[in-house]
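Using the sequences and the accompanying hints, generate a full structural model.
Chains Z and R are the protein sequences, given in the same order.
With the working numbering applied, the first sequence corresponds to residues 1 to 269, in that order.
With the working numbering applied, the second sequence corresponds to residues 1001 to 1287, in that order.
If you are wondering where the hints come from, they were derived from the structure by calculation, not from laboratory data.
Glycine included, every Cβ here is placed at the ideal spot set by N, Cα and C.
Each hint should be verified, as a subset may be incorrect.
Claimed, not checked - Rough simulated footprint, nothing fancy, chain Z against chain R, three-plus residues with beta-carbon under 8 Å:
#1 1079 to 1086
#2 1120 to 1126
#3 1176 to 1188
So the chains spell out like this:
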Amino acid sequence: MAGVLGAAMVLAVAPLVVILWQVILNGGAAMSWEFLSSVESSPRDPGGYLHGIVGTLYMTGIAATLSIPIGILAATYLVEYGRSGRFANTVRFFTDVMTGVPSIFVGLAIYALLVVSGGAGLGFGTFVGAAALATIMLPIVVRSSEEMLNLVPADLRTASAGLGARRWQTTVKVVLPAAAPGLITGSMLAIARGAGETAPLVLTALGARQVVTAFQGTPQADIGLLMTDGFSQPFEPGIERAWAGGLTLIIVTLLLTITARFIAARRKV
Amino acid sequence: MQLATAAARLRRDRAPRQAASPSRPAPTTTGHVFEVEDVSVRYGDFTAVRDVSLTIPRNEITALIGPSGCGKSTILRTLNRMNDLVDDASVQGTVRYNGEDIYAPDVDPVEVRRRIGMVFQKPNPFPKSIYDNVAFGPRLNGERDLDGLVEEALVRAALWDEVRTKLRSPALELSGGQQQRLCIARALATRPDVILMDEPASALDPIATHKIEDLMRSLRETCTVVVVTHNMQQASRVSDWTAFFSVDVDDEQGMRTGELVELDRTDAIFTEASDPRTEAYVTGRMG
Ligand SMILES: Nc1ncnc2c1ncn2[C@@H]1O[C@H](COP(=O)(O)OP(=O)(O)OP(=O)(O)O)[C@@H](O)[C@H]1O
Ligand SMILES: [Mg+2]
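Encoded structure:
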């Protein structure tokens, strides 16, 4: 029995190890100062992913700024106010559905709603890309925050009410601080997820060949989009840089995840 | 005169209390802090306790005793409107606090809870520092410069000497008994004139229990104490008055409803109870 379980575990971990090994090997070989500090004009030419790194951080940053406060507020509403009311259950249902929607559809929806002239007509750019990422991150933030808020013991809410705290005072002064480490952990995992997404950006950020600082209106670059471009064309420099891009994303995601785990391990409720 | 001001403060239409000058409750006014009249409490369709009438004398300790499920905690929670927080609870009858009906429509339940402290069975300090726990209530009222107040509350809760050097360390690092005294200090910091305690020592060892009992007696100087307890010795040791509750079982409907059997001086309850049910309970032949 233990042998079967052991084999299953090896099978489960093996792909991850192979991927990591490949990325570290190939990505490490292609990683350079030039990769981090310059811009490629095409997969054929020399250069780097600076524009992609800027774009990914820019869009992920805006997406986090949008989705984390809204997500935590929504979760607070669900746990502290709505509980099992019909509205709260509806919100929970749609949050679950949103978690399962393929991310390319999210990109498509934002494209139809915000990008094209039939919608808001904003065109391609940083903001609409960030909006697509935020849409993917939001349900993750809501769900993880809801779990964390539910872990706050009811005793603490009762104690607070017994001291004459109003409901909002209990929420702000007791529940949210007690849940804070968990809320931060969930948010960081959502950021890690958003930073690694490519599909929702295809129809929103579109991609660019230079560093873009414009908030909206100019197509924005992204590490994932550049990787897709690099891997899909038969040019050695582009393929090498795509590996280095993969390594960059994995490092960013890993750092976020490790920090999240570290904060989670220190939480005391 | 002073009572009237205290009561008026419960109204929700009044401007928030002046933070700088929280007046102390009148300490030694004679008479009753609570007058409970024909109170019944229901949870949904279930009547948990029926037709309770009792008075709680000022600056004394009143113990509520009785078998499990007879509604002691329920009655205790009606005294500071904590039952409002239970979704399907409803209270009938009148509860007067310092002469004021606290279930009147214009009374703000939050203001009631600010004036009446509560301590729970399980110590429930916030996951904050010792200092921040004690300062919690006064800060709700917008009070600042709380060092003196925090010290005073901790001294009154007989905890100061044990924590004076570590006020900034987490409350959850204290022992269970210390945590419970911290919860009492936290309740005292809002300067209540009544403290309600629901089995405050039942999770503690005998030494910690003894400290809490001493503390309750010392609180009589400034507060009225109402304490629910399962422990007969504790009731006889600490309380001046004892209310005995019992459960009335309706066999046909299978309803178990709590009721007040009698309220008397504690020595009378324990030596010459007027109701045979009380005698049976306090001598250990029942419940
Ligand atoms: N929140 C609630 N919802 C429904 N029923 C409740 C609730 N709280 C208490 N009850 C019921 O009301 C009755 C009285 O409960 P209460 O907790 O007041 O009893 P108690 O005398 O304090 O008992 P114990 O000594 O076990 O603490 C019990 O039958 C209990 O099941
Ligand atoms: Mg009880």
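Query raised in the report: Counting residues of the stretch 1120 to 1126 of chain R with a beta carbon closer than 8 Å to any beta carbon of chain Z, are there 3 or more?
Result: holds (count 5)
Query raised in the report: At a Cβ distance under 8 Å, does chain Z reach at least three residues of the stretch 1176 to 1188 of chain R?
Result: holds (count 3)
**Report entry** chain Z over the stretch 1079 to 1086 of chain R, status - at least 3 residues with CB closer than 8 Å
**Finding:** Holds: 3 residues of the stretch 1079 to 1086 of chain R have a Cβ under 8 Å from chain Z.
Going down the numbered hints, you'll see the structure goes against none, and every one checks out.
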